[in-house]
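Peer 1: Sequence:
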Amino acid sequence: MNRDPKKGFSSIGSVLEKFEIEEDKYISREFQKYGYELAEELGDLKHKALYIKLAKEYPRGFLESARAFVKDAQNVTSKGRLFMWKLKQLRDEKKKKLR
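For the sequence shown, the tail end lands on 885 under my numbering, and the numbers increase by one without skipping.
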């Protein structure tokens with residue numbers, strides 16, 4: 787660190803050299819970040835737009851329940867497929883209760 791012994795502060799140049807630009811520079815809303823993290827956790831970045839849309843339109847409780855189900859499952863070939871199946875199942879259960 788380039789410190790000036792008189793002031794005890796770092797120079798602006800040394801601070802800017804260490805500054806790292808965030809990877810999430812195109813994410814401006816919380817649901818976008820959540821959807822992206824969900825896609826990352828499920829290993830399905832190819833369909834990240836789908837998970838962002840789900841994060842925007844579905845209650846967070848549904849998504850968290852399906853996420854926990856997938857996380858607890860073992861020997862899963864497609865985490866994304868299992869997540870979508872569980873989400874559909876939770877949505878159908880909710881519809882039955884409302885009837």
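Simulated from the structure, these hints should not be mistaken for lab results.
Keep in mind that a hint or two might mislead.
[Unchecked claim] Restraint-style ranges between C-beta atoms, simulated for each label pair:
hint	residue 1	residue 2	range
1	Thr863	Ser800	48 to 56 Å
2	Lys874	Ser800	23 to 31 Å
3	Arg885	Lys842	44 to 52 Å
4	Phe795	Phe848	43 to 51 Å
5	Phe795	Arg815	34 to 42 Å
6	Ser800	Val862	42 to 50 Å
Since we're looking at a predicted model, the values are computed, not measured.
Even glycine gets a Cβ: it sits at the ideal position worked out from N, Cα and C.
Peer 1: Against each hint, give a clear statement of whether it holds in the structure.
Peer 2: Results for each hint:
1. Thr863 - Ser800: 48 to 56 Å: Since threonine 863 and serine 800 have Cβ atoms about 49 Å apart, the given range 48 to 56 Å holds.
2. Lys874 - Ser800: 23 to 31 Å: violated, 53 Å
3. Arg885 - Lys842: 44 to 52 Å: violated, 26 Å
4. Phe795 - Phe848: 43 to 51 Å: holds, 50 Å
5. Phe795 - Arg815: 34 to 42 Å: At 36 Å between Cβs, range holds.
6. Ser800 - Val862: 42 to 50 Å: holds, 47 Å
Going down the numbered hints, you'll see the structure goes against 2 and 3, while the others check out.
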